[in-house]
Amino acid sequence: MTFDVVYGLSPLLVVALGALLLMLAEAFGKPNPQGLAPTGEVSDAGAGRAGELGMGAAVVLFVGAALSLGVWLAGPDNLVGLELTRPYLIWDRFTVFVCFTLCLGGGLSCLLAGGYLTEHEIDRAEFFPLVLFSTVGAMALAAAGELLTLFVALETMSLGVYALVGLRRTPRSSEAALKYFLLGSFAAALMLFGAALLYGATGRTDLAGIGQAIAAIGQGEGPGAAQVLIALVLVVVGLAFKVSAVPFHMWTPDAYEGAPTPATSYMAVAVKTAAFAVMVRVLLIAFGDERLTSWASGWPPVLATLAVASMTVANLVAGRQSSVKRMLAYSSIAHAGYALVAVVATIRSPAAEGSILFYLLTYTVSTAGAFGALILCGSRGKEAVSYEDLAGIAKRHPAAAMAFSLFLLSLAGVPPTAGFFGKLYVFQAAIDAELYVLTVVGLLNSLVGAYYYLRVIVFMYMREPAPGATLAVPMRSGYVASALVIAAVLVIALGVLPNVTLEWAAIATVGRS
Amino acid sequence: MPLTSVLLLSMALFCIGVFGVLSRRNAIGILLGVELMANAVNINLVAFSRFQGGVVGQVFAVFAIALTVAEVVVGLALVILLYRSRKDVRVDEANALSG
Amino acid sequence: MEQIGFGIISACLLGAALGVVTGKNLVHSVLWLAVTLVTTAALYVFLNATFLAGIQVILYTGGVITLMLFGVMLTRRDERVMVENEQNGRRLWIAALAALGLFALLAAATFKTPGLPRTQAEPTTTDAIGRAFLTEHLLAFEVLSLLLLAAMVGAIVLARRHDAGADARGGL
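Residue numbers (our numbering), protein chains in the order written: chain A, 1 to 513; chain B, 1 to 99; chain C, 1 to 172.
Hints listed in this document are in silico derivations from the structure and should not be mistaken for laboratory results. You may find that some hints are simply not true.
Cβ pair distances, simulated, as ranges [unchecked claim]: (1) C:G5 <-> A:L20: 46 to 54 Å; (2) A:A466 <-> C:L59: 38 to 46 Å; (3) C:R76 <-> A:L20: 44 to 52 Å; (4) A:F3 <-> C:R131: 46 to 54 Å; (5) A:A466 <-> C:R161: 37 to 45 Å.
From the three backbone atoms N, C-alpha and C, an ideal C-beta is built for every residue, glycine too.
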């Protein structure tokens, strides 16, 4: 019994324990004179050890991913003891799949940070405990089956990220972090109010119980129906903010650009993945009532509007950016749009949940890889931020250019990369659910999106840097390189052999009523 | 004192908080608005728990208080960070990033 | 008697809340927030939630208000930019319209909900709250401890000026 719980929750426990250990290591460890900034001052114990601590954090997260895999193979349903954690944490195949994705994305981001923080002289080794705390929150959020747990997990995930965004301490970065924080806490307060109304209308806090109570409230006229609708709107707004869907995306470009690039990568992959997981669970379990999932009187048209707006607006604006990091921020908004298409498709297609999970996995490896390649293309001497900085990088740093191209092709959805199959299954689920208009809009947007991804490749391979321009000096870092190798292998593996993973994703459902 | 009047009171408080968030330009001013909203949520939870019975409403409120306090801590740290780097806490004034 | 007490509390609460959002001086706004929070504690006593009233005063009012005042004072060194809390015309109207609209919507939903209980249920004891914390909600409670740790680490790393060298390089 106890063994079942400990083994089942081991990914969560290992990451939590790792966070505490890293915090202690950071606080009490001896500074490493080799890794110090060129100026040579010793300012605090963690200084100059970003690389080692990053490696440690990445190992913890990859162990978490391996344990998720182990729990998957043992089958969470066979671990009878896990019933104990219900309904607070629902540890089913859906959760375990998401945990794997979260640990993978977090681990890649930590590896990137190991190289980035040293190179850019950001002596903030607290980065790693913060990422781990946030990942614990994200995993608990993906598993949450009860409102209290859900909110505590959501805030654990968010607070760490707010701090990560401000870590660079430049005016732009601090400002972006503050804006993100203010909008985030406003959205959280709206969502909390929605949850309170939901509790008032149903008298329950567990999602399944809320679902049953809403079904009992019945056809729109019973007591509490109006409150349920308002609660639904407030909860959807809060979640849309977390996945950065248009029009709740205003913070995204600023926060993504202002944050240190590994933190951006973490936000883009882990925060978004966890938010989508909880969105699917809340919508299907708590708001899974027939009336609320119908096209006429429920959430599907709202989410479809968000999906169309996210894809279209983000793709149009992304093409006009001059900063590559900002372009990738808009690209992540567009990808939220594609995933939202799959969320809408859950109303009629049983395969849609699996397509979301598979999509999030492919998105995680491609996005973390793309940010990693961007890190590799510039150093402290000259950080590559604009398209011009990347001109001719293929000659100066062929490996980085090749990796960047691979990840961009995957993001654009070109076969045979992971991104292609991710999109394919999302659109297949949408067609299954007879959402033809959404599918067409999504396909058109993929074409528009290809333009700005390919533009980066054109700059890297076909343009020469302007004469006299300061050239971005590529950085060399074993940590970043190893993260890129892992991501690249996964992008190709998921693109060439998607079958096993897809079969796994297909059986990972939230078990709607 | 029926439940309806307590609910109306908490909703009025919540909307005053929303007004504060939307109308302020100062970061701490916005944070004060968010505090009002969170406080309104807690009144709501306590009222529901009082009239419908059950302990979970009050437990929820205690959790919500803890979450809000933690949020304030990080928020004020960010305000101080921005002040140090910019000497001004007005959010929409310093617009190196807009667009 | 009860009606009158509730009326007085409501009036104080709403008045203080309006003070928070309209005050020109941030310090005054924070003090109005303190009044709001203490009045809320009184409302909790009224609703028989004495434990929560205690928490509200000690933790919320004591902690948050002190922090907020620190925040205002630390950032007010430049009187000109900091202390006033300007709200210009158009923004004010849009915000007021949005808030009123939201209130109309919420109030309509409440009135449309028939059968809201008019009588209070059995009061919850502190004992029951404590038990719920350490039994049913133990998982959330444990995650909460990590949250507080994360908030602490985050706040310290953001606010401390730990490496003078980097700050000098960044021109802070």
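Hint check:
1. C:G5 <-> A:L20: 46 to 54 Å: 48 Å, holds
2. A:A466 <-> C:L59: 38 to 46 Å: 59 Å, violated
3. C:R76 <-> A:L20: 44 to 52 Å: 37 Å, violated
4. A:F3 <-> C:R131: 46 to 54 Å: Because 27 Å falls outside the window, the suggested range is violated.
5. A:A466 <-> C:R161: 37 to 45 Å: With a Cβ separation near 39 Å, A:A466 and C:R161 satisfy 37 to 45 Å, so the hint holds.
Comparing the model with each numbered hint stated earlier shows that hints 2, 3 and 4 do not hold.
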